[in-house]
Structure formats: structure tokens, C-alpha cells
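S.K.: Using the sequences and the accompanying hints, generate a full structural model.
Numbering (my numbering), first residue to last: 189 to 528.
Just so you know, these hints were derived from the structure itself, not from any lab. Warning: the hint list may mix true and false statements.
Cβ-Cβ distance ranges computed for the label pairs, FRET-style [said to hold, decoys possible]: (1) SER472 x ASP436: 14 to 24 Å; (2) ASP227 x LYS480: 24 to 34 Å; (3) ASN406 x ARG315: 14 to 24 Å; (4) PRO461 x ARG282: 33 to 43 Å; (5) GLU214 x ARG413: 50 to 60 Å; (6) ASP417 x GLU493: 30 to 40 Å; (7) LYS308 x ARG221: 40 to 50 Å; (8) ARG413 x ALA488: 31 to 41 Å; (9) GLU473 x HIS318: 50 to 60 Å; (10) ASP450 x ASP227: 33 to 43 Å; (11) GLU484 x HIS316: 24 to 34 Å; (12) GLU420 x ASP485: 36 to 46 Å.
Calculated lysine-lysine pairs in the DSSO-like style (CA-CA distance at most 30 Å, straight line) [said to hold, decoys possible]: (13) LYS506 x LYS480; (14) LYS506 x LYS438; (15) LYS445 x LYS424; (16) LYS424 x LYS438.
Heads up, the beta-carbon is just placed ideally off N, CA and C, and yes, glycines get one too.
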Amino acid sequence: MADTATENALSGIQKAALFLLALGEEAASNVLRHLSSRDVFTISSHMMKLTSASPTQVAEVIREFGELTVANGGFSAIGGEDYIQRVLENALGREKAEQMLESIQTETNSLESLNWLDPKTLAGFLRHEHPQTIAIILSYLDPPLASQVLPLLREDNVAHVVLRMATIDQVPANVVRDLGAVLKQELLSGGSSRTRTSGGIQAAADVLNYVDGATEENILAEIERVNADLAENIRKRMFLFEDLIKLDNKGVQEILKEIGRDVLAIALKGTEPAVRDLFFRNMSERASVILKEDMEDRGAVRVSEVESAQAEILRTVKSLGDQGRIILGGGGAGGDALIE
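M.R.: Shown next, in the form of C-alpha cells:
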């Protein structure tokens, strides 16, 4: 709901929002660049809510911050979507700005809004929670973020959390709201009253796709001790580096457009000959020769470096899939990959 700034009712975050609105787009964008994603989200949401302020209010806020003086007095119809969008685009880039605005405007589910928190903050909140609670929350997060939170949890909890993620079916909306209220505090909350399907085997597989190889195997081994069938089903849903062999030439060429030679040289050191050949034959002869020489010159490479490079390529593959440039049916869906 839109708010009018009143003389004595501004909280600290509202003052920050009003101050940035008074600064103008360029200066406000420069300030936002130095804030965490969580703070940008919170301040932006309050900027969207403010509709007016008196000259006295503006002057008092600016005086309190001690950085500017009021040039034009107060202002009405503060901000607005266009202003906030330009400020966020200047600070974050178009894509992230659009995602954040969408979260603010559409009253994103309270747990999904946690995607704007940094991993350490989230892990701090979750570290001592019950594994079932953590599993529900991680199921609502973007897999890359969830994968960064997992290693920061108690080590004896990680496998239990993924196991529970894989067995989650539906979570009542009131449970989601309650969890979000506790964790988000001042961040936006919302969501509908319907029951939401979340979690499940695919959610667990998606998160494991983003962790390093050692962590992945440790988690799956622990799950296998408890439920071998479930561990196998998770493995079947994961998209592995070896699954790239299911791509056709056009798909591989799309990947090559996005991946640097250094990353590719390291990633291919630890994979099957068929996967290496797939990349070589989709490059020019000269580029292929240079890449092979690069791989030879590097000598022995740490397993962790290979896994990191392969994970970077898989993130690129998933991004290309999200953009529709590659249609992934292999690994995660159990079929061959198709290219549009």
C-alpha cells in the first residue's frame, strides 16, 4: 500500500528510502551499488511505497544524513515505478533490476523473497532449525543460492535436509507464510492462500547440481544409507557434465559462445573422451589444436579445479536452457536434449 511520509512516523529504513528518492537517479544508483542484495530489496520496497513528503520532512531527512541540502523543497508523487526501475537498473543491471521489481510488485511468496538474502545470512538463520524446516525453505530458493547455503549448515544436518527436500510434496500456505515471517522480518511478505507444491526429488537434484562433486557424493552416500531407491532417483534427475554428450552440435556451439577457453581446458581434463571429442569437433581446427595444447601444457590439475570448471559450464548450460537456446531433457528429465 502506498504511504505518505509523516513528520514523526518514519523508521530508519523509511528515512533511507526517502533520502535516496531525494538524491536523484544517478546518486541513488551509486549508493545502492554499495549495499547488499537484502538491503537493496528492502529499501527499494519502501521507495515504491512512498507517495509524498513535505519540504520539512525532506529537509529533516537530508539534514540527518548530513550529506545534502534541499535544492527544490519537498516533492509529491515521490518515486514511482519508472524512477525505481531506472535507479535499480543503474545499480544492478537490467536483468536483476527486473527480477527485484517483480518480487516487490507482485507480492512474491515470502519464502521466495528470501532469494535476495546472502547465503551467510540465510545459513545463520537456518543453522539451528529442524531439518524439515530447512528443507521447506531451501525448496523455495533458487537452486544456486540453496547450494551455497547447504555447506554453511551443520555438517551432520546436510544430508538429512536434502533427504527431506526429496520427500516433500505439498506445503500449506500458512506454514510458508509463518516461516517467511520469522526469517524475512522487514522484507515483503505475501503469497496466496492455496497449497503450494514444492520440494520433491527434482528440487533436491536441482540443488545438488550446483554443489561441488565431493559435497554431492557425500550427501548422496548419506541418503543412500537411509533410502537407496531415493538416492538413485535423485541421481537420475541430476544433469551431470557427462550428460552434455546428449546435446547435438548446435547445442555445443551455443555453449562454446559463452565459455572461455581456460575454463573449458580445465573442465575437459576430467571427463570422458567422448565428451572431449564432442567439443573438439564443434570448434575450428585451429581452435581445437590450441585447446588441446592448452590442456597438455597445464599438466596435472586438482580435482577441485576440474569440478569447479565443470560446474561453471553446467551453470551456463542451465542458463541457456532457461533462455530457450537449449532445451534440456537429459539427466534431470531422463530423456535426450533437444535444440530449438
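S.K.: Each hint should be assessed against the structure and marked as holding or not.
M.R.: Taking the hints in turn, this is what the structure says about them:
Range check, SER472 to ASP436: about 18 Å between beta-carbon atoms, so the 14 to 24 Å window is met. Remark: the range hint 24 to 34 Å for ASP227 to LYS480 is contradicted by a beta-carbon distance near 47 Å. Restraint check, ASN406 to ARG315: a C-beta distance of roughly 18 Å satisfies the suggested window 14 to 24 Å. Between PRO461 and ARG282 the beta carbon distance is about 41 Å. The supplied range of 33 to 43 Å therefore holds.
At roughly 57 Å, the beta carbons of GLU214 and ARG413 sit within the given window of 50 to 60 Å. Look at ASP417 against GLU493: about 34 Å separates their beta carbons, and that is inside 30 to 40 Å. A hinted range of 40 to 50 Å for the beta carbons of LYS308 and ARG221 is inconsistent with their spacing of about 20 Å. Separated by about 33 Å at the C-beta atoms, ARG413 and ALA488 satisfy the suggested range of 31 to 41 Å.
For GLU473 and HIS318, the Cβ-Cβ distance of about 58 Å falls inside the hinted range of 50 to 60 Å, so the restraint holds. For the hinted restraint 33 to 43 Å between ASP450 and ASP227, the CB-CB distance of approximately 34 Å keeps it satisfied. GLU484 and HIS316 have their C-beta atoms about 49 Å apart, which leaves the hinted 24 to 34 Å range violated. One distance hint, 36 to 46 Å for the beta-carbon pair GLU420 and ASP485, holds here, with the actual separation near 40 Å.
Note on LYS506 and LYS480: the hinted pairing holds, with a Cα-Cα distance of about 26 Å set against a maximum of 30 Å. Restraint check for LYS506 and LYS438: satisfied, since their Cα atoms lie roughly 15 Å apart, inside the 30 Å limit. With a C-alpha separation of about 28 Å, the suggested pair LYS445 and LYS424 falls inside the 30 Å cut-off, and the hint holds. Pair hint LYS424 plus LYS438 holds up; C-alpha atoms about 25 Å apart against a cutoff of 30 Å.
Going through the hint list in order, the structure does not satisfy hints 2, 7 and 11.
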